[in-house]
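Colleague: Those sequence lines, one after another, are chains E and G.
FYI, the working numbering numbers position 116 of the first sequence as 116, with every residue one higher than the one before it.
To convert, take the position in the second sequence, counting from 1, and add 1000; that gives the working numbering.
Since the hints were made in silico from the structure, they are not lab data.
On a predicted model such as this, the values are computed, not experimentally measured, just so you know.
Quick reminder that beta carbons are idealized off the backbone N, C-alpha and C, glycines included.
Errors might be hidden in some of the hints.
[As the list claims (entries may be wrong)] Okay, the calculated bits of chain G under chain E, using three or more residues with CB under 8 Å as the criterion:
hint : region
1    : 1011-1019
2    : 1038-1048
3    : 1150-1164
So you can see what is in the structure, the chains are spelled out below.
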Amino acid sequence: MSEHAFHPLVKQLLDGDITLADLPAELRAEGEEAVRLLAGVDRRPVELPAVSRRVMREIASRPARSAWRRVMQPREIRLRVRPWLLAPALAIAAALILWIGHAAPVTQASFVTVRFVLVAPEAREVSLAGTFNQWDAHATPLVRTSPNGVWTATLTLPAGQHQYAFVVDGARWVPDPGAPAVDDGFGRRNSVLTL
Amino acid sequence: MRSETGAADGDIVRAVLAGDHERYALLVERYRDRYARYAARMLGSPDAAEDAVQDAFVRAYDQLAQCKDPDKFVGWFFLILRNRCFAERRRSRTETSLEAADEVAATDRTEGGTETAERRRALQLALLELTPDQREVFVLKHVEGLSYGEIAERLSTSVPSLKMRMHRAYDKLREQLRDHT
């Protein structure tokens, strides 16, 4: 045991398990030393009123930067739809999100126009459900814009983070496997879009 | 029905994820000062604590979609702040020690009690000589007043390992404070 080590009983005192009076006489001085150590503990509250403003100001600058990253790096995503749910066979779908806002500086934008594109040749109908439409599977239908099965919808959404999924034929919820996803708490995955 | 300021953490997190960024301010207001003292004692200075708490809130916002259980936002946020405090101490271990302790002493002088001020200053300096793990268990138990069981739950560890860490911290503090106690 090092010369600086407190006796195990004094450590119990420091832990609050026993009191000074419980210590044998020969440990009393060491116990008083431990009590003086704890007397230096500073429990006064600390207040940081400026933090709220600084955090919210920092956050306010976030969505615009995310939007730029989206614009500069468009992605193509392949989706696999299970054949027993979307007959007759495997469908390949791709979602491409395009930013088509006008020339206003992105840093001033509080809304961003996005176009969702899904290639689903076998689908009879496709819609978009998400946090922006209260997950209503009928609120935002995509329109079939080509014979090859390209479905599109253009939405203007507030800058920030949204969760969404495609709904194929009113029954099959398809997340975007190329985008960040979160568990929706009911065993499904939601795609996350940051604008 | 809950008032706006009394809304559950989980409801606020879900609203922010749905695009209502302004409501994040409610979470910042709610937990800002509650964790300020932890950060201040871990880092040794209110200024460093302010930076750490701010960074942790911004980081939590950026990663909010990864908060698996929005109803347990505060536990998740604490771990982000903790990582930030540990990283900060690795970066500037020696730079802030004296400055930090002087800051504590200066505050104390304005409140009277030079003996108390000196004890606080000495202990804060000694705390900064501990490993972050040792310092953290001391701060959570003796500054924040948590029991070993509560600390173990918060840090996902066991009570015996926390006690071992703490008892080493006691010995190290005794060595550091030999001339002060």
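Colleague: Determine for every hint whether it applies to the structure shown.
Modeller: Structure-based check of all given hints:
no.: 1; hint: 1011-1019; result: holds (count 4)
no.: 2; hint: 1038-1048; result: holds (count 4)
no.: 3; hint: 1150-1164; result: violated (count 1)
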